[in-house]
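Peer 1: One letter stands for each residue in the lines below.
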Amino acid sequence: MSTTTTRGLLEVSGLSKAFGGVHAVDDFSFAAKPGEIVGIIGPNGAGKTTVFNLVTGVYAADRGSVLLDGVSLCGRRQDQIAREGIGRTFQNIRLFKGLNVLENVMTASDPTAPYGFFSAILSLPAKRGSDRQEAKKGREYLSLVGLSGLEDARPESLPYGMQRKLELARALAIGPKVILLDEPAAGLNPSEVREFIDLVQRLHERFNFTIVFIEHRMEVVMNLSHKLFVLSFGKLLASGEPLEVRHNPEVIEAYIGEED
Amino acid sequence: MDYIYSILTLTGITMIGVMGTYMVTGLTGQFSFGQAAFMAVGGYVSAMLALKYGVPFALAALIGSAAAALSGLLVGMPTVRLRRDYISLVTFGFGEAIISVLNNSAQLTGGAEGLVGIPKRVDLPLVMASVVVCLFLVACYKNSKYGRQCLALRTDELAARSMGIDVNRLKLVTFLFASAITGYAGVLYAFYAQYLEPGYFNWTVSAEWLIIVFVGGINSLTGAMVSAVILTSLPEFLRFASAWRIIIYCIIVLLIINFRPNGIFGDWEISRLWKKKTTVKGGQA
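First to last, the protein sequences are chains A and B.
At position 21 of the first sequence (counting the first as 1) the number is 1306 in this note's numbering, and the numbers step up by one without a gap.
At position 147 of the second sequence (counting the first as 1) the number is 205 in this note's numbering, and the numbers step up by one without a gap.
Keep in mind the hints are simulated off the structure, nothing from the lab.
25 Å max Cα-Cα, derived DMTMM-like pairs, lysine to aspartate or glutamate:
1) A:Lys1421 - A:Glu1490
2) A:Lys1520 - A:Glu1535
3) A:Lys1512 - A:Glu1468
4) A:Lys1512 - A:Glu1529
5) A:Lys1520 - A:Asp1311
6) A:Lys1382 - B:Glu327
7) A:Lys1422 - A:Asp1437
8) A:Lys1382 - A:Glu1477
9) B:Lys178 - B:Glu294
10) A:Lys1422 - B:Glu215
11) B:Lys110 - B:Glu171
12) A:Lys1318 - A:Glu1504
13) A:Lys1422 - A:Asp1483
14) A:Lys1422 - B:Asp224
15) A:Lys1318 - A:Glu1529
16) A:Lys1382 - B:Asp214
17) A:Lys1318 - A:Glu1296
18) A:Lys1382 - B:Glu215
19) A:Lys1421 - A:Asp1437
20) A:Lys1422 - A:Glu1480
21) A:Lys1382 - B:Asp224
22) B:Lys110 - B:Asp181
23) A:Lys1382 - B:Asp143
24) A:Lys1318 - A:Glu1490
25) A:Lys1422 - B:Asp214
26) A:Lys1421 - B:Asp224
27) A:Lys1421 - B:Glu327
Work the whole structure out from these sequences, hints included.
Peer 2: See below:
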């Protein structure tokens, strides 16, 4: 089932972004090899989400570069970057309320669905075939994250943990090379967190994509990541293997020390 | 009988116009305060072609709708980048500008006195058939990848972009399609009423269409159509109360907006009645 890919090499170097006088991200560099799971941690307000927003093109970086498989993403629009293969989820869940669960997942494959305007308004066979294909794919993604049978439900009616899974299914549906998860375990209870770690590991085994995630829960960070980058006040504080970072005195002082 | 016939015809034409507002406001969440101006473009262009160059109705209708779509392109190109509240200002300005142009180019359009002598080519059966065809096209659009992406960007543009949705392009395509449909409503009106005057297409008409969409249910094409029928014919049924009818109309609209803020139908669509079975079956598979 799993395919070994050489795709999904994400290289970020010298990334900087200031909002007014605040240097939210300051000369930050990190890299993720194809198929690697990379964690970004840091105290609140360290600029972690801003890094995601810069990589996905929500904001334009003041300086620095983002390369996906060697191709620069600088100056690209947010939707172009997504179609290049960077999927993401959000810290505060952002599902589409006007659509049901299955349609939420289908919106991720809609931008590349192979039919045009006239096929759409006349409901030609090309459109119906493509829609059926998309729905089938969408159901597969839903069953992968364990949401089978909820296709017709309204996303806002689902419990919080399921909304997180739906957001994950939607990000999978764009067929990403790299997937960015912004505090994916926030708001989950301990058993949901363990389930979530299993789910991410299962998906990673199956699709072998590169994962970059932001997280505060040490359980998730230690179990999932191959490599860790610590961000503090917009700057890189430390990086390396999870265990080695965990015992880095600077990191303990800046961040982990508060937790233990 | 003639009276009922004319109410039905005008209701049908309003339904087609409201479809345009539904697409812009209901699907993409933009407020078009100048939708009726596209009706004016469709109506005037087709009527002038028929009057001055003897163009046959079918061709004039096609060119009229295309002209409305073209003016939609001119307004849409700069506006899709704007924030939602500014879009209503720009479309409002565009609508009033069109009225002003029509009023001030009297040699061409007859100005405020109106354009007279348009041949009668439209009757009730044609309007009803047009309603059915346009409704089919719009419903298919809503039910396609275009409609899904529109509803996605309406709730959350940032998340929509991160799914790879080209938000600006989609808004523009929807705006053009809506303009063409509304323009066609103008064609039907011109060749039914045989008379056009700029005042018929001013912003109050656009505002009325917005009210119709909101009352019906912002997310429901079914709702927009039902409410178009009710709110267009209601003033006629209230005619016995002459002086009071506008007040009664307003009270009914206010009550609905207050007690059903999502409109009468919310996001319910009549197609759910027969779609239910297929999705349930799919869900079990």
